[in-house]
Amino acid sequence: MSEAVKVIGTRFSAFSHRAEVALRLKGVPYELIAEDLDNKSELLLRSNPVHGGKVPVLLHSDRAIPESLVIIEYVDEAFAGPPILPMDPHDRAAARFWAEFLDPKHLWRQLWLALWAADADARRRFREEAKTSLALLEAELGDRRFFAGDGIGYFDVAASGLAYWLAAMEEVAGVSIMADDEFPGLCRWAKEYTASETVKGCLPDWDELVAGYAASTEKFKLVAQQGL
Amino acid sequence: MAAEKNVGLVLLNSSLSPFGQRCSIALAEKGLPHEYVEEDLAAKSDLLLRSNPIYKQVPVLLHDGRTIIESLIILQYLDEAFPDTRPLLPTDPYERAQARFWADYVDKKVYGCGSRLYMIKGEPQVPANIEMAGILKTLEGELGEKEFFGGEHGFGFLDIALVPFSTWFESFDKFWGVGVAEVAPKLAAWAARCMERESVSKNVFSPEKVSDFIGEMRKDLGIE
Numbered sequence: 001m002s003e004a005v006k007v008i009g010t011r012f013s014a015f016s017h018r019a020e021v022a023l024r025l026k027g028v029p030y031e032l033i034a035e036d037l038d039n040k041s042e043l044l045l046r047s048n049p050v051h052g053g054k055v056p057v058l059l060h061s062d063r064a065i066p067e068s069l070v071i072i073e074y075v076d077e078a079f080a081g082p083p084i085l086p087m088d089p090h091d092r093a094a095a096r097f098w099a100e101f102l103d104p105k106h107l108w109r110q111l112w113l114a115l116w117a118a119d120a121d122a123r124r125r126f127r128e129e130a131k132t133s134l135a136l137l138e139a140e141l142g143d144r145r146f147f148a149g150d151g152i153g154y155f156d157v158a159a160s161g162l163a164y165w166l167a168a169m170e171e172v173a174g175v176s177i178m179a180d181d182e183f184p185g186l187c188r189w190a191k192e193y194t195a196s197e198t199v200k201g202c203l204p205d206w207d208e209l210v211a212g213y214a215a216s217t218e219k220f221k222l223v224a225q226q227g228l
Numbered sequence: 001m002a003a004e005k006n007v008g009l010v011l012l013n014s015s016l017s018p019f020g021q022r023c024s025i026a027l028a029e030k031g032l033p034h035e036y037v038e039e040d041l042a043a044k045s046d047l048l049l050r051s052n053p054i055y056k057q058v059p060v061l062l063h064d065g066r067t068i069i070e071s072l073i074i075l076q077y078l079d080e081a082f083p084d085t086r087p088l089l090p091t092d093p094y095e096r097a098q099a100r101f102w103a104d105y106v107d108k109k110v111y112g113c114g115s116r117l118y119m120i121k122g123e124p125q126v127p128a129n130i131e132m133a134g135i136l137k138t139l140e141g142e143l144g145e146k147e148f149f150g151g152e153h154g155f156g157f158l159d160i161a162l163v164p165f166s167t168w169f170e171s172f173d174k175f176w177g178v179g180v181a182e183v184a185p186k187l188a189a190w191a192a193r194c195m196e197r198e199s200v201s202k203n204v205f206s207p208e209k210v211s212d213f214i215g216e217m218r219k220d221l222g223i224e
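For the protein sequence lines, the chains are A and B, in the order given. For the record, in the first sequence the residue sitting at position 115 is 115 according to full-length UniProt numbering, with numbers rising by one throughout. For the record, in the second sequence the residue sitting at position 147 is 147 according to full-length UniProt numbering, with numbers rising by one throughout.
Errors might be hidden in some of the hints.
Derived list of chain B stretches under chain A, where covered just means 3 residues or more per stretch with a C-beta under 8 Å from a C-beta of chain A [stated by the list, open to error]: (1) 68-74; (2) 84-97; (3) 100-110.
Here are the simulated PhoX-like cross-link-like pairs (lysine-lysine), alpha carbons at most 20 Å apart as the crow flies [claimed, not checked]: (4) A:Lys-105 x B:Lys-108; (5) A:Lys-54 x B:Lys-108; (6) B:Lys-174 x B:Lys-209; (7) A:Lys-200 x A:Lys-6; (8) B:Lys-174 x B:Lys-137; (9) A:Lys-131 x B:Lys-56; (10) A:Lys-6 x A:Lys-54; (11) A:Lys-219 x A:Lys-40; (12) B:Lys-174 x B:Lys-219; (13) A:Lys-26 x A:Lys-200; (14) A:Lys-105 x B:Lys-109; (15) B:Lys-44 x B:Lys-56; (16) A:Lys-54 x B:Lys-109; (17) A:Lys-105 x B:Lys-56; (18) A:Lys-221 x A:Lys-105.
Hints listed in this document are in silico derivations from the structure and should not be mistaken for laboratory results. Don't be surprised by glycine CBs; every beta carbon is placed ideally from N, CA and C.
Please construct the entire structure, taking both the sequences and the accompanying hints into account.
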């Protein structure tokens, strides 16, 4: 008996993307229930009541699992298939640590404010902070094709926002943060990641993504204001 | 007393830190011998700064010289590196997902709202109070009729994630009028049950100590 697997999410969200890639890496067929975040469905609000219908939510049979990083670990543990997290306990701890580093508390906060803070000085300050953080990731990546090695793993999935969505925001905001000259490794990784067979099929159309972000700049600036 | 087998564990911590307390409780629950280093957060050791150069914070676990950072990551590491000890997380993937989800909620909400409450007095407190009461009620909903959040698994990952904050409950009442016993009585009862465990009572700050600490901090900030 097959148990239906669905992702409630949207390809505009890099967090939602994490859930899709995890399922694809594991070879688990699923249905994407695309949400309009300005008009959330009953299903979404019911499935993540604690966080007010934040995406993504994984539905597996009668189970609802919110929080993208929790979803990746659930997919790794609940389904047979190639492992997403590394095997060694210390490597697992390191992967989890770096995923937390990306979190809206740390790197993504710096990036967001570098992109959308109202004040130009604040944007400049956070751009420098974000670059310092990105430099740590550049060093962590080294010469490897992916953070996990030859194939995509947990941290590559967790960092996917940097591989595609960040560039779209940079284009709309008219600012360059993760540039080729300063971060050649990360930019190479981004190309490898988005070109991979597993990932290609669940990326949003670039023009639609950019247009979507362009229409959302006021919202983004409001979020930045609350974050400062 | 028989010599403890050395498994190469060192915990860099500050007894003040609820995140560090989680690690101490976990090590005690698992019966894992370890060297304990109390850090002076005003004068951090070289070892701490070298081990956690990005955040320069406690707790840090060293295992045969390798570093593990972030309290919830440390708890999971202990389960995975010492599989013959009492597990903190359940075995079922869905139950594990729920434990992780709610532990993340504790970090974001209990710690997030609690640390904001410290800083305010008077009018602005009202919405934060309501928020904290809501958070406690939500957690109580998750606990339900269970003895511990771990359910059939017993005292576990989520209990350990939350319990260091339970001794803040008295302070929530004293400073901000959020009476946990009224707002979330099952949660208050859970906190009392946890304190009966030696691993908890030996490692968390007593409600009085927390209250004194918060009082001092608010005086320093010119709030009281």
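Evaluated hints:
Requiring three or more residues with a Cβ within less than 8 Å of a Cβ of chain A, the coverage given for the region 68-74 of chain B holds, as 5 such residues are present. A stretch counts as covered by a chain when three or more of its residues have a beta carbon under 8 Å from one of that chain; for the region 84-97 of chain B and chain A the count is 4, and the coverage holds. Counting residues of the region 100-110 of chain B whose CB lies closer than 8 Å to any CB of chain A gives 4, so the stated coverage by that chain holds, three being the minimum. Under the criterion of a C-alpha separation no larger than 20 Å, the hint pairing Lys-105 of chain A with Lys-108 of chain B is consistent with the structure, at around 10 Å.
Of the pairs offered as hints, the one joining Lys-54 of chain A and Lys-108 of chain B holds, with about 14 Å between alpha carbons and a cut-off of 20 Å not exceeded. Our distance criterion of 20 Å between C-alpha atoms is met by Lys-174 of chain B and Lys-209 of chain B, whose separation comes to about 13 Å. The hinted pair formed by Lys-200 of chain A and Lys-6 of chain A meets the criterion: a straight-line CA distance of about 19 Å does not exceed 20 Å. Restraint check: the Cα-Cα separation between Lys-174 of chain B and Lys-137 of chain B comes to about 19 Å, which is no more than 20 Å; the hinted pair holds.
Distance check on the hinted pair: Lys-131 of chain A and Lys-56 of chain B sit about 19 Å apart at the alpha-carbon level, within 20 Å; holds. In summary, the hint linking Lys-6 of chain A to Lys-54 of chain A is supported, as the alpha carbons are separated by about 15 Å, within the 20 Å threshold. Between Lys-219 of chain A and Lys-40 of chain A the alpha-carbon distance is near 16 Å, which keeps this suggested pair within the 20 Å criterion. This hinted pair checks out: Lys-174 of chain B and Lys-219 of chain B have alpha carbons roughly 15 Å apart, not beyond 20 Å.
At most 20 Å may separate the alpha-carbon atoms for a hinted pair to count; Lys-26 of chain A and Lys-200 of chain A meet this at roughly 15 Å. Between Lys-105 of chain A and Lys-109 of chain B the CA atoms are separated by roughly 13 Å; this keeps the pair inside 20 Å, and the hint holds. Note on Lys-44 of chain B and Lys-56 of chain B: the hinted pairing holds, with a Cα-Cα distance of about 8 Å set against a maximum of 20 Å. The straight-line distance between the Cα atoms of Lys-54 of chain A and Lys-109 of chain B is roughly 15 Å, inside the 20 Å bound, and the hint therefore holds.
Among the hinted pairs, Lys-105 of chain A with Lys-56 of chain B is consistent with the structure: their alpha-carbon atoms are about 16 Å apart, no more than 20 Å. Our distance criterion of 20 Å between C-alpha atoms is met by Lys-221 of chain A and Lys-105 of chain A, whose separation comes to about 17 Å.
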